[in-house]
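Peer 1: The primary structure of each chain is shown beneath.
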Amino acid sequence: MKEQLKIDFEKILELSDFSEKDIGYKKDHLNKFIDNGFPSKKQENWKFLDLNQIIKKNISELSFYNDYSKTNKIDTSIFIDGLEHNKIIFINGRIEKIDFNYEDKNQIEINDDIEIKDHFDYNNSLISLNNAFVNKYYKILVKKDYSLKKPLIIYHLTNEKVKSKNINLRLNFVLEKNSSLKLIDFFNDTSDKNFMNIFYNFNLKKDSILKNYKIDKSLNKNLKYSFNNIDQEENSISETFIFSAGSNYFKNEINCNLKGEYSSAFINGIFSLQGSQQHEIRSTVNHLVENTKSYQLIKSVLGKNSKAVYQGRIFVDPKAQKTDGYQLSKAILLDETSEFNAKPELEIYADDVKCSHGSASGSLNENSIFYLMSRGLNYKQSKELLINGFMLDVVEKITNTEIRNLIKNIIGLKE
Amino acid sequence: MDTREKDIEKLKDYKYGFSTDIENIKAPKGLNEKVIKFISNVKKEPKWMLDFRLKAFERFKQLKEPNWQKPKYPKIDYQDLYYYSAPKSMKDKPKSLDELDPKLLETYKKLGIPLQEQARLNGIAVDAVFDSVSVATTFKDELTKQGIIFCSMSEAIQKHPELVRKYLGTVIPTTDHFFATLNSAVFTDGSFVYIPKGVRCPMELSTYFRINASETGQFERTLIIADKGSYVSYLEGCTAPMRDENQLHAANVELIALDDAEIKYSTVQNWYPGDENGIGGIYNFVTKRGLCQGRNSKISWTQVETGSAITWKYPSCILKGDNSIGEFYSIAITNNHQKADTGTKMIHLGKNTKSKIISKGISAGFSDMTYRGLVDINSKATNSSNYTQCDSLLMGNKCGAHTVPYIRNKNFDSNIAHEATTSKISEEQLHYCQQRGLNSEEAVGLIVNGFCKEVLQQLPMEFAVEAQKLVGISLEGSVG
Numbered sequence: 001m002k003e004q005l006k007i008d009f010e011k012i013l014e015l016s017d018f019s020e021k022d023i024g025y026k027k028d029h030l031n032k033f034i035d036n037g038f039p040s041k042k043q044e045n046w047k048f049l050d051l052n053q054i055i056k057k058n059i060s061e062l063s064f065y066n067d068y069s070k071t072n073k074i075d076t077s078i079f080i081d082g083l084e085h086n087k088i089i090f091i092n093g094r095i096e097k098i099d100f101n102y103e104d105k106n107q108i109e110i111n112d113d114i115e116i117k118d119h120f121d122y123n124n125s126l127i128s129l130n131n132a133f134v135n136k137y138y139k140i141l142v143k144k145d146y147s148l149k150k151p152l153i154i155y156h157l158t159n160e161k162v163k164s165k166n167i168n169l170r171l172n173f174v175l176e177k178n179s180s181l182k183l184i185d186f187f188n189d190t191s192d193k194n195f196m197n198i199f200y201n202f203n204l205k206k207d208s209i210l211k212n213y214k215i216d217k218s219l220n221k222n223l224k225y226s227f228n229n230i231d232q233e234e235n236s237i238s239e240t241f242i243f244s245a246g247s248n249y250f251k252n253e254i255n256c257n258l259k260g261e262y263s264s265a266f267i268n269g270i271f272s273l274q275g276s277q278q279h280e281i282r283s284t285v286n287h288l289v290e291n292t293k294s295y296q297l298i299k300s301v302l303g304k305n306s307k308a309v310y311q312g313r314i315f316v317d318p319k320a321q322k323t324d325g326y327q328l329s330k331a332i333l334l335d336e337t338s339e340f341n342a343k344p345e346l347e348i349y350a351d352d353v354k355c356s357h358g359s360a361s362g363s364l365n366e367n368s369i370f371y372l373m374s375r376g377l378n379y380k381q382s383k384e385l386l387i388n389g390f391m392l393d394v395v396e397k398i399t400n401t402e403i404r405n406l407i408k409n410i411i412g413l414k415e
Numbered sequence: 001m002d003t004r005e006k007d008i009e010k011l012k013d014y015k016y017g018f019s020t021d022i023e024n025i026k027a028p029k030g031l032n033e034k035v036i037k038f039i040s041n042v043k044k045e046p047k048w049m050l051d052f053r054l055k056a057f058e059r060f061k062q063l064k065e066p067n068w069q070k071p072k073y074p075k076i077d078y079q080d081l082y083y084y085s086a087p088k089s090m091k092d093k094p095k096s097l098d099e100l101d102p103k104l105l106e107t108y109k110k111l112g113i114p115l116q117e118q119a120r121l122n123g124i125a126v127d128a129v130f131d132s133v134s135v136a137t138t139f140k141d142e143l144t145k146q147g148i149i150f151c152s153m154s155e156a157i158q159k160h161p162e163l164v165r166k167y168l169g170t171v172i173p174t175t176d177h178f179f180a181t182l183n184s185a186v187f188t189d190g191s192f193v194y195i196p197k198g199v200r201c202p203m204e205l206s207t208y209f210r211i212n213a214s215e216t217g218q219f220e221r222t223l224i225i226a227d228k229g230s231y232v233s234y235l236e237g238c239t240a241p242m243r244d245e246n247q248l249h250a251a252n253v254e255l256i257a258l259d260d261a262e263i264k265y266s267t268v269q270n271w272y273p274g275d276e277n278g279i280g281g282i283y284n285f286v287t288k289r290g291l292c293q294g295r296n297s298k299i300s301w302t303q304v305e306t307g308s309a310i311t312w313k314y315p316s317c318i319l320k321g322d323n324s325i326g327e328f329y330s331i332a333i334t335n336n337h338q339k340a341d342t343g344t345k346m347i348h349l350g351k352n353t354k355s356k357i358i359s360k361g362i363s364a365g366f367s368d369m370t371y372r373g374l375v376d377i378n379s380k381a382t383n384s385s386n387y388t389q390c391d392s393l394l395m396g397n398k399c400g401a402h403t404v405p406y407i408r409n410k411n412f413d414s415n416i417a418h419e420a421t422t423s424k425i426s427e428e429q430l431h432y433c434q435q436r437g438l439n440s441e442e443a444v445g446l447i448v449n450g451f452c453k454e455v456l457q458q459l460p461m462e463f464a465v466e467a468q469k470l471v472g473i474s475l476e477g478s479v480g
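Chains as they are written, first to last, in the numbering used here: chain A, 1 to 415; chain B, 1 to 480.
FYI, nobody ran anything at the bench for these hints, they're computed from the structure. All values reported here derive from a predicted model rather than from experimental measurement. There could be a bad hint or two in this list.
Listed below are several chain A residues computed to face chain B (Cβ distance under 8 Å; list not exhaustive) [unchecked claim]: (1) L141; (2) E339; (3) K343.
For glycine and all other residues, C-beta sits at the position ideal for the given N, C-alpha and C.
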């Protein structure tokens, strides 16, 4: 793999117009990645699902080179109906279109010729990989006091043209004071055996609101990794919702730094898995100052051979008195081959805090099924009803009505 | 001032700090085959025992010291420790309690449980382990009548080799982790208990471990076997004299419960925790593991951990037999600069197995407390269930409380529930108690005892009293 990495990296440099500084930076990260490789179960965070093994098993020869010079045709049929929205279209690793038609153009800045500056060092080799190979790097800034009128949907699309490729995406969002953004990540793949590596960095200034919904619904054989870093200032709110169901492998990492007082973070997620799917959510919420709040709810419905992992960590700094931290994960195992692993962690250094976590897993309650069947439903209907109700609980946490209804439709939940 | 007086001077602050003057035989410093052979030789062990040790030592040489734990400690030089020390003249061994070293008896008095009184009035057989070798065993006759074997490990190796050979190392094999393997290679003594079929042990069996000679890592080995349909409750309690250097304690405890048998194992641990600046204190790196081998068997761990500079242990249950039950009740208190990383592992292998974990952690001062637990339900363990509750109480904002549960459910017919909370003693609670005439320290003691009640209730009566006292003593000076 090492040779492959170097060859692919040179190829990319030839075709691109990175500045000297960027090239140096990229090279550093390439070397870092070569040293560390894909994360394996030797690392605590990857203990339950070993990405190195999964990549080896699913993609035999991973290629890091992609020809970004050709444009891809946009298939408009997959666009989401019934909701006016702004678009970023990302096909086969190339951003084809950025469209903020519904918004005041003066209020949003989109910048792509900025130097890659990295202020963080997470000791995460996938971020090094992203930094080394990412093709284009955008920064989207929402100006002070501006709230986007319509949600922004990022379409993550791939088609049969790409196979056994590593695709990287990196976006930076800055929400200035009192601004707000609703962001939907919509995944739709018709390719297979690719490894997607997505890295978002959000910077939430005072009083700003971010709502991020990730929807991975359509079944595909790709492997995905997504890392969200969210830095929050005073009184800001972040809401993350993950619907994790489509890909063969998907790990969502959310790293939330509550740096300003009265800031709050909400992370909700649903796993709905079948076949040999292996999905994971790992969240880290760092309460760094007083009076911050976090809330997490993760529910899993696991079919035959599937495996879900939830690793949630709440960290409370000695300064962060009056913290409220709450975490709950529940799982329904539908088959004897399904597996649920959880590691809900609390790390607390302040005494005046309220933190709790709960985790429960088990099978569907036969008594409830019996109850429904005695009311005239058949076994299948009763089971579906119970599962829908179980998942609906999480969807109801979505604060925006329009998006909540949209997501209900996409998932196929009826009230 | 001669050195002894200096020593005594140093001991002043520690309530249970003392060191008794009995001359010791020591194996030469260091860890090598020679020392292991020396230990085996001194103890007149058969060849299979020596082979067991050497096999463990072979494995030990390949192992690396683990470092994933939360409390870090300075590197231990395993070549700079004495691996064997024993009271010099075994023939001077006291025949009865009255002949025991008065200094030793004094210590037990300080602890609040006079050995004699306890032995006579409460009907407890006490196997006092004094610096690696047993010096007193009581109530042996009564136990013998029932066919119960309760003796030191060295005695068991001599007198009941068939039992020891059959069970030793079946729960903690010689190929286990670093500290367990070290223990297998160099263990000196410990307790051996065998309860025959259908016998309900008429009294609580109890052992006091003491660390005495300076720079001696204590490597105890305890083996308890409960044969079909039997029951035993075993108590273990410890205090240690004050020493400047950190002392290592890596004991192994193996429990085996056959069909319908029940073992209850209770620990009160109050070893020297170091002074208020975090200097000195015991490293308590103990491996405790129980195997519910038979159907309907039950193993229950109860622990009150208040001492030691670093406590790092996970009393575990392997629920192999169908319908077997594992329980874990724990109170861990850390004050000043103490660190604890403790919890349990419940490994469900058999059908209809159940486990329950109740863990209460209290941290005060500059201390750090971690609950780390594993609940693993195997794909064949149908209809199993686990309930876990771990609560932490924080006193002051210089300490930390952490919860790291690992939950693995591979069986769709099984249920796991886990809950954890972290909080502090509220002003209202304190105010209410003070209003009723308690001073702030008493108020905290009362609230903490209430917080721990679920676990304290599990302890046998005599222990519960001592444990409650310990909870109070451990938190002295942490409020106000």
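Peer 1: Go through the hint on L141 (chain A) and say holds or violated, using the shortest Cβ distance to chain B against 8 Å.
Peer 2: violated (38 Å)
Peer 1: Against chain B, is K343 (chain A) within 8 Å by beta-carbon distance?
Peer 2: holds (5 Å)
Peer 1: Using the nearest Cβ pair, does E339 (chain A) come within less than 8 Å of chain B?
Peer 2: Cβ of E339 (chain A) sits 5 Å from chain B, so the hint holds.
Of the hints listed earlier, the one the structure fails to meet is number 1.
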